[in-house]
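J.: Each chain, written out:
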Amino acid sequence: MTPGLLYALTGIALFALGLAGVILLRQTLRRILAFNLMGSGAFLVLVGLAQRGGVVDPVPQAMVLTGIVVAVASTALALALARRLAEDGHEDG
Amino acid sequence: MSLAFDALLALALLWSAWRSLATPDLTRAVVMFIVFGLLMALAWARLDAPDIALAEAAIGAGLTGALLLDALGAFGERRGGDRP
Amino acid sequence: MADTFLDPLPWLIILPLAWASLAFLVGEGRGGRLAVAGLAVQLALALILAVQVMAQGARVHAVGGWGASLGIDLLADGLSVAMLLLTQAVALPLAVYARAYFSEVAQTTFWPLAGFLLAALNALFLSADLFNLYVTLELLSLAAVGLVAMSGKPAQVDAALRYLLVSLTASGAYLMGVALIYGAYGTVSLAGLAPLVGADPPLITQLAAGLMLAGLLAKTALFPFHFWLPAAHGGAPAPVSALLSALVVKATFYMVLRLALGPFAALADDAAPLLGALGAAAILWGSWRALTTHHIKMLVAWSTVAQLGYLFLLFPLLEPGGAALRAGVMQAFAHGLAKAAMFAAAGVLMLSTGRDTLEGLAGVAGRVPVTLFAFALAGVTLMGLPPSGGFLAKWLLIEAALEQGQWGWVVVVIGGGLLAAAYVFKVLRQAFLLAPASAHFHRVPRAMEWSAFLLAAASVLIGLRATEGVALLGVEFGP
Amino acid sequence: MTGLEAPLALFLLVNLLAALIRAARGPTPADRMLAALLFGTTGVGVLLLMAHSREAVAMPLVDTALVLALLAAIAGVAFARRAWQAAGRDDDAA
Amino acid sequence: MHARSDRSPSGRFGLRGFLQRGALFTALWWVLAEGRADAWGIGAVSVLLATAASLALAPPGPGRLSAIGLLGFAAFFLAQSALGGIQVAARAFRPRMDLAPALVEVPITLPDGAARILLVNTLNLLPGTVSVGLRGDRLCMHVLDDRLPVAAEVRQVEARIARMLELPA
Amino acid sequence: MTPLEALSALLLLAGAAFYLAGTVGLLRFPDVYARLHALTKADNLGLGLIALGLALQAENPAAGLKILLVWPLVLVASAAVSFAIARRAHELGILPAGAESPAPPAPPPEGEARIMPPGDRA
Amino acid sequence: MNAPARLAVVGFALALAGALATAVLDLPAAAVDLPAAVAENLSTSGVEHPVTAVLLNFRGYDTLLEIAVLLLALLGMLAVAKPEAVAPEPSAADPMLRFLASVAVPLMILAAGYLLWAGAHRPGGAFQAGAVLAAAAVLLHLAGRLPAWASPSRMLRLGLVGGFLIFLAVAAALLAQGALLRYPPAHAGALILLIEAGLTLSLGLILAGLFLVLARRPASPRAGVGEEGKS
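Protein chains in written order, with my numbering: chain A, 1084 to 1176; chain B, 7 to 90; chain C, 273 to 751; chain D, 203 to 296; chain E, 2 to 170; chain F, 13 to 134; chain G, 441 to 671.
Just so you know, these hints were derived from the structure itself, not from any lab.
Quick caveat: nothing in here was measured; it's all calculated off a predicted structure.
Hints may contain errors.
Residues from chain F that keep clear of chain G, each with C-beta distances beyond 12 Å, as calculated [said to hold, decoys possible]:
| no. | residue |
| --- | --- |
| 1 | 25 |
| 2 | 26 |
| 3 | 36 |
| 4 | 40 |
| 5 | 69 |
Here are the computed distance ranges between Cβ atoms for each label pair [what the hints assert, rightly or not]:
| no. | chain 1 | residue 1 | chain 2 | residue 2 | range |
| --- | --- | --- | --- | --- | --- |
| 6 | A | 1085 | G | 442 | 39 to 47 Å |
| 7 | A | 1109 | C | 631 | 29 to 37 Å |
| 8 | A | 1171 | G | 461 | 39 to 47 Å |
| 9 | G | 627 | C | 299 | 28 to 36 Å |
Taking beta-carbon pairs under 8 Å as the criterion, some of the chain D residues facing chain B (in silico) [as the list claims (entries may be wrong)]:
| no. | residue |
| --- | --- |
| 10 | 237 |
| 11 | 266 |
| 12 | 269 |
Glycine included, every Cβ here is placed at the ideal spot set by N, Cα and C.
Here chain A stands alone, though its shape is the one from the complex (with noise of 0.2 Å):
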């Protein structure tokens, strides 16, 4: 198996447990936590099933970071919203 087989496969279930837990979960903090763990999870299967091969490959690479940036501005945001919540009362953690 090569580290980048492994890795998708890891990506996986990332992607998997992320996506129960933001179903499941009821804490705000804790769904965005879940979300981000979706999010990591696709970027290793992007990365890792393009390389499975061994071949490094800048494309997937390249979306990889666009994405990370997307997701910590997203997370920012949920995290912006959910303290305005909080500071108003509305909502814990």
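Let chain A serve as the given structure and place chains B, C, D, E, F and G on it in line with the hints.
T.: Frame of chain A, contents of chains B, C, D, E, F and G only:
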């Protein structure tokens, strides 16, 4: 040797991800998530993707971690305010 | 093209990005003028592009000059140009409306967000690359979430947060699909994928398509994923609700359609009965909830849930060159204009009465007759009465269903129309009641009333200009 | 290259994980925060060793180690200054 | 690093401070760029910005840095931190850990400011001590073994720092 | 194996041994302060030795110095973070193992000291 | 959510993971070989590092939109940030942190410059450099040297959108070359460097803003008042 490294790292990734969702305490969850991010940086290094490893190290260790911990403080203040 | 610099296609993306960021830069006061000017130019560009595409056929713009699969392609065919036209046509009157609706302070947040939202829509309708579609999708979601939350009221922030979490989960599923597709085929270009996927796709492609479809449906708010929509659309400021209901949910529908017509054509048949059934359920449930709610904007928001159902009825009837596709696009177009008009009108009614319930509407007919007329006209489109665009859409749908002998859908279409009539008349009846002595009304800027009316009128009149619309859609679909 | 780099990287990873168990178990919040310190030292060490066991990306991974060394402190500092005061109460029972 | 005594933090910086810091960051840039010659364009800008930031964040005071003191301190530091590591390792591996941990407080004589911060940082890395808090002129530390002569060690580090910064000890 | 390589290998092995010591200390030491000792001293020394060992193998002096540069960075960071942890632990009233009286030589000012329930003791 | 529903979700996730894993194992090699295409066109892309070439040239359009995504997140956060919240008292920071900041921040600036330079021929580039700059700002804030953002001034707004506007202007200007973002090979390197430099600054500010806007909350009585603060 490298397969053992990869397998161990993969297990560690899954373990920290699982703990960050399943642990009852939010602080622990966030710390485990930061650990997860840093392990991801190692995984990217193993995948010959140093660009992503760099970004993950900078964003995972620096920014997301700080954001989450800061948010934790904000939520905690509220929770703390509710109980003596 | 002789002069690529004047090619309208890339400018439809650059312009809104430019005025959105400039509106942020200049800050208070001047964003609105920039936006209206930019949108006027964009509408003109979209019209030019439509004429060009009708004359010369579908067109590809290779960003960076590389071409797929190394680079990213922009594609303008009949379907995408129709959606572009709808976007600019809805956005321009709404921009005029918003300038009157928002305070100066609110406008400083509204214009940049709205600009990025429109840029995301244009970029999405032109994109021919799975990963690029993901980026535009995220751009769209974050802009929409920001707009929903911008009032800062707890209920709105809560709705925005729910919307964001649904949206992020959906994007995650879509991204996973993209990752699998790239792994399997080594490309994310729609044109490049179509021949590779072929007639009998392997398991990985089916799973990828399933994940992407599920994500897109959640973002479109098709039943049973509609749970986030009423709160997000119903509670937002009226111009925001209008943009979201008229355009944003259509974007993900467009993507489903684009993928079903393109690379995943072989899989579309398998998913079609399910999509049709969900669509039918959405029509009935959404209409029922619209009929039973007591808040004006909630009524309009639930009506969106119902009207989205019609869009998905086209999938079981989809066949190349058939009436169903034209019906779907006509429905998207007519509903976009009508729903924008309806939310705009609802905003006026609420401003005028100072209340957000149906009961509060009593007597409003005498105060803002133009707006009420606009509401009624938009209602005509939703009900599907001739000569409106809605009528044409439903007629084409029934025609396609009859042709293929699928009678069930005809019943759903007609039933949905009757329910729409019921909830629209509920509003109108209330508005013509005598005002109670306690009621007092506020003045509403003329610009708001007339822009709502313009949108409503357009939703009816496109039914009369159907020939051109059908000709545009006749332009061969790419890739 | 001495041939020791890859095995030692594995060894350090095992060390890191063993130490993380302590950081995850607690019992005090401070023990958890040790995770941040651990990555400052052990994580950087793993990266440096990996850099030398993979010729193709050697120096870029040194850069990564450098960035990690610069930034690993931020999480720890944020923890101490922002998160802990509230978290302490919840964790104390654990 | 570039710790200075800032007994009179004036905020102004002379050419001397600028050149010293500039030279330091230029050397660091050379190391970062691995000596490549084509890097000096961006390098010059980065060095200037880093120098400016450094001067703004830690303005150089009138105190001077003794080169010999610095070398001596570095040698002392290296030797002591090796000793610290060995000591902790020895205790960790011993079957019966022979620890007598305690919190102790010792008075310090170094002036407020950079010198003290350097002291706290250094003590954190030296054998047997982790600083816990600094209050007034007293430093609270955790020691692994309170039978060791902690106070004497602190004196010694203080003297080294004072010599390096050319302070009256 | 050249003498330089042998030296490098030796340094790497020694570094790994100190990492092991740090981990053992972290797992065995009785309280948070003692664990900080393990991390700030043993692990930092381990990193220093490994960086030195790898720097010896570098192709050019600048690359070697760059590897060495990582060490002081980690030192500064870990000194600051360990101080932050220790101070916070102290402020929250976490006691060193074996300390019977809750009072360190001078208790922190009013409002800062919080005595933990016994279950919190390590 | 009740127990059967939870079980169903878990079961679904497991089934999905199983199906995906089955599909991924024994996958034949991809039909399109993009790495080869990237390598082939690298010489005309203006940079030597393939990932940077993809990020700013071959798929530069994605990157353009992605900066917009970041800007949007910040806009959304500014929209919901409470106007009355005030920045924490900057003077209450402890000297150890100030020391860390005064050592680390200049080094971070240097490292950001280095990463920007490195991006042209090896891993690095505007993202990583921007992220390091943002981390420097976060550290400064935590050390009490940088106030949280009340509302961005005109200058700050210019810094935030500047990089994006440069990128957009280059993209538009290059339309004259025949296509959006089509760099002439002779000038590609310089244009990419221009874009990256602008992006580094703007990305640093935006990413820092994600933290600094969030950090806007009233200073709690305990926050940041250590023993040192009183000495």
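J.: Next, verify each hint and record whether it holds.
T.: Hints and how they fare:
At roughly 30 Å, the least C-beta separation between residue 25 of chain F and chain G is larger than 12 Å, which holds for a residue marked as non-interface. The beta carbon of residue 26 of chain F is kept farther than 12 Å from every beta carbon of chain G, the shortest such distance being approximately 28 Å. The Cβ of residue 36 of chain F lies farther than 12 Å from every Cβ of chain G, with a closest approach of about 28 Å, so its non-interface assignment holds. For residue 40 of chain F, the requirement that its beta carbon stay farther than 12 Å from each beta carbon of chain G is met, with the minimum near 28 Å.
No Cβ of chain G comes within 12 Å of the Cβ of residue 69 of chain F; the nearest lies about 19 Å off, and the non-interface call holds. For the pair residue 1085 of chain A and residue 442 of chain G, the beta carbons lie near 43 Å from each other, so the given range of 39 to 47 Å is met. For residue 1109 of chain A paired with residue 631 of chain C, a C-beta distance near 35 Å keeps the hint of 29 to 37 Å intact. Checked against the given bound of 39 to 47 Å, the beta carbons of residue 1171 of chain A and residue 461 of chain G, roughly 44 Å apart, stay inside it.
Distance hint check for residue 627 of chain G and residue 299 of chain C: the Cβ-Cβ separation is about 34 Å, which falls inside the suggested range of 28 to 36 Å. The interface hint given for residue 237 of chain D is met, as the beta carbon of that residue sits about 5 Å from the closest beta carbon of chain B, less than 8 Å. Because the beta carbon of residue 266 of chain D sits about 5 Å from the nearest beta carbon in chain B, less than 8 Å, this interface hint is met. For residue 269 of chain D, the interface hint holds, since its Cβ comes within 8 Å of a Cβ in chain B; the closest pair sits about 5 Å apart.
Comparing the model with each numbered hint stated earlier shows that all of them hold.
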